[in-house]
Amino acid sequence: MRAFQILIDGFAISALYALGATGFTLIFGVSGVLNLSHGAIMVAAAVAAWAAASILNVGTYAGALIGVGVALLTSFATYFAVVKPIQDSRRIPNEEKEIFVLTGTLLWGIMIQEVIAYLFTNNAKTVLPIVEGVVEILGVRTPKNEIFTAIVCCFVIALLWLLVNRTRTGKAVLAASMNPRGVTLLGLELTNIYVVVWAIYGILAGIAGVLLGMFLGVSSYSVGPLTASAFSIVVLGGLGSVSGSLIAAFVVGYLETLTAYLVSPAYRTIPALLLLVFVMYIRPQGLLGRR
Amino acid sequence: MKKGLSVALRIAVGALVTASGAALAADPVRIGVIAEAQAIAGASIPQAAQLAADEINADGGVDGRKIEIISYDNHSSSADSVRAFQRAVNEDKVNAVIASYISEVVLALEPWASRLKTPFVTPGAASNEISKSVHSDYEKNKYTFHGYLTSAALALSVCDGAKDLLVDKMHMKTAVIMSEDAAWTKPLDIGYEECLPKIGLKVLDHIRFSPDTTDFTPIFNKIEGSKPDVIITGISHVGVQPTVQWKNQQVPIPMFGISSQATNETFGKDTNQAAEGVLYQGVSGPGVAVTPKSVPFAEAFKKKFGNYPSYAGYTAYDEVYYIADAVKRAGSTDADKLVDALEKTDWEGTIGRVQFYGKDDPFTHSIKYGKGLITGLMLQWQDGKQSAVWPKDVAKVDVKFPSFIKLSN
Numbered sequence: 001m002r003a004f005q006i007l008i009d010g011f012a013i014s015a016l017y018a019l020g021a022t023g024f025t026l027i028f029g030v031s032g033v034l035n036l037s038h039g040a041i042m043v044a045a046a047v048a049a050w051a052a053a054s055i056l057n058v059g060t061y062a063g064a065l066i067g068v069g070v071a072l073l074t075s076f077a078t079y080f081a082v083v084k085p086i087q088d089s090r091r092i093p094n095e096e097k098e099i100f101v102l103t104g105t106l107l108w109g110i111m112i113q114e115v116i117a118y119l120f121t122n123n124a125k126t127v128l129p130i131v132e133g134v135v136e137i138l139g140v141r142t143p144k145n146e147i148f149t150a151i152v153c154c155f156v157i158a159l160l161w162l163l164v165n166r167t168r169t170g171k172a173v174l175a176a177s178m179n180p181r182g183v184t185l186l187g188l189e190l191t192n193i194y195v196v197v198w199a200i201y202g203i204l205a206g207i208a209g210v211l212l213g214m215f216l217g218v219s220s221y222s223v224g225p226l227t228a229s230a231f232s233i234v235v236l237g238g239l240g241s242v243s244g245s246l247i248a249a250f251v252v253g254y255l256e257t258l259t260a261y262l263v264s265p266a267y268r269t270i271p272a273l274l275l276l277v278f279v280m281y282i283r284p285q286g287l288l289g290r291r
Numbered sequence: 001m002k003k004g005l006s007v008a009l010r011i012a013v014g015a016l017v018t019a020s021g022a023a024l025a026a027d028p029v030r031i032g033v034i035a036e037a038q039a040i041a042g043a044s045i046p047q048a049a050q051l052a053a054d055e056i057n058a059d060g061g062v063d064g065r066k067i068e069i070i071s072y073d074n075h076s077s078s079a080d081s082v083r084a085f086q087r088a089v090n091e092d093k094v095n096a097v098i099a100s101y102i103s104e105v106v107l108a109l110e111p112w113a114s115r116l117k118t119p120f121v122t123p124g125a126a127s128n129e130i131s132k133s134v135h136s137d138y139e140k141n142k143y144t145f146h147g148y149l150t151s152a153a154l155a156l157s158v159c160d161g162a163k164d165l166l167v168d169k170m171h172m173k174t175a176v177i178m179s180e181d182a183a184w185t186k187p188l189d190i191g192y193e194e195c196l197p198k199i200g201l202k203v204l205d206h207i208r209f210s211p212d213t214t215d216f217t218p219i220f221n222k223i224e225g226s227k228p229d230v231i232i233t234g235i236s237h238v239g240v241q242p243t244v245q246w247k248n249q250q251v252p253i254p255m256f257g258i259s260s261q262a263t264n265e266t267f268g269k270d271t272n273q274a275a276e277g278v279l280y281q282g283v284s285g286p287g288v289a290v291t292p293k294s295v296p297f298a299e300a301f302k303k304k305f306g307n308y309p310s311y312a313g314y315t316a317y318d319e320v321y322y323i324a325d326a327v328k329r330a331g332s333t334d335a336d337k338l339v340d341a342l343e344k345t346d347w348e349g350t351i352g353r354v355q356f357y358g359k360d361d362p363f364t365h366s367i368k369y370g371k372g373l374i375t376g377l378m379l380q381w382q383d384g385k386q387s388a389v390w391p392k393d394v395a396k397v398d399v400k401f402p403s404f405i406k407l408s409n
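Residue numbers (our numbering), protein chains in the order written: chain L, 1 to 291; chain Z, 1 to 409.
Nothing false has been slipped in among the hints.
If you anchor each label on the Cβ, the simulated ranges turn out as follows:
no., chain 1, residue 1, chain 2, residue 2, range
1, L, Met280, Z, Arg83, 37 to 43 Å
2, L, Trp161, Z, Asp205, 41 to 47 Å
3, Z, Thr291, L, Leu275, 54 to 60 Å
4, Z, Pro362, L, Gly59, 52 to 58 Å
5, L, Ile137, Z, Pro402, 20 to 26 Å
6, L, Trp161, Z, Ser77, 43 to 49 Å
7, Z, Phe305, L, Val131, 34 to 40 Å
8, L, Gly59, Z, Phe305, 24 to 30 Å
9, Z, Gly306, L, Pro93, 47 to 53 Å
10, Z, Pro402, L, Phe80, 45 to 51 Å
11, Z, Asp334, L, Gly59, 55 to 61 Å
12, L, Asn192, Z, Arg83, 46 to 52 Å
Calculated directly from the structure, the hints in this document are not laboratory data.
We put the CB at the ideal spot given by N, CA and C, even for glycine.
Go ahead and model the full structure; you've got the sequences and the hints to work with.
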């Protein structure tokens, strides 16, 4: 009974982590950017979905779409207002650009967080679930919304796989992650590929944010922990490796759920962080990392 | 000659003193308000204080002196609060400070009230330690007043309500305590552990969780495992997330107790009405005539700010009034005189009759709990609104639960 409970709850949370981390790792893989405003973009999506549904009364579906839309816009804003100017700058030496991007996106994330707290208070918000009610699975009372979350996450990840492996644009993205110079030599504009990647990222982070808002709820305080969890999943899986991130998301998700149920909810995140430190010792490139 | 000069000097000094005294009389009474402007419970504090000041000023002020509210947002941080307190006293020259609903913040400010000798009242923190420190070192800490119930009194209030509503009416026998890990819940939990068995509710389990918790599924799961009739809550930093997950997961056990965020009207929207059925302790509430002043205040607040105040709004509003009253009785804003006058407070506010425990009581300078003073009440979210269900003389409706709640008796 308890084993089933852990299995079911762990799956939903892991799928959500996977979705959140995929976009994050994709951007790193393609453009070498570690986007530390990741948590802020997810929270912006969830809060926008909440605000649209409960203040503007646009309905649950439209609210969710607006949430994803806001994440897409924030993602583009992150790229065009923060990341691109740093990458294009002639005054910042190339070897320091990564640090500048890290600092820039971190500050950008804090700015978004403060704006959200200012406009909507720092108390948690929850997005009204698209499906309500509960069903019994193997004797476990499971909210339908939890199943919905897991299905959407798996579906979107599958869609992303198809996009990357089966379409021309996707293949260009894949190629850029392998060898950016090679792609330019083939006559593809690298900037266009970056824009595509940031668009995919925005949509993924938006969906993950809205689903998280429905599943657990988020507040402006969630910004830091969300960025940190995506970061540790991606590092554990191997920076830039999408399949590594997927595996790592499930490892972290289940480890957290096991701890919460069997030890105490208060220590939920600790074993996963210890595992991260351990992996850093024995395999610094992460589970499936290439560099 | 020398004597003549000294007389002249004395007259001159005397004239100066009189002149500055006259200037003082026309000076406004400045009250600093340090609060969590970005939190559900804290946002009402500066708003309610300003409302009270506006009303007093429209009525001619205190002996011709206007009340001036100077607010500072502390971002729920103790460090920011201490800086705001120093600035309020040293630069903005406030005569008294109203600050915070978070016990950790208030405990950080208490020594500063002593050092800077500035009367300081909290509208919403609950830790017993606040007034205990006043008792243990009165001369030093007498500047701090606890304008809200102590955790010990809150536990009593919840137990009094639980006895009538849960034990006598619904024949409940068992409970699990669920509280967040914070300074204010330590004495609250001790109070719960002590008074719940006395009223006939056996405590089956006691779960304390980190205020950072986002997923409450394992907690509810554990609680359900011990099959209690009711969950007795002690939550303030969290509120929206456990409430929404309680509803989404259809946890079949009612929640009853302290839930600070539920006291603010915006809680309904923040939880997408998942609050339906939640029972919480309050000192006042919309439409509840605890005193003749309660309803007019709540309505005036809603008219001005668009929503009903949180619990700390009621207390902050009363505080501005009784500080003004103390200034009037003291005839001065001198800190020590103001402390003396505040100790003699007997003010009918929006939450009941406010008096403070004296030097010899263990909770010195905390507001008195009891019949005819402040007893608190129990409210329930019903049909998207907050309605009083206890005590009988203010109750508007009966307790009712959403369909997923399964009462065992």
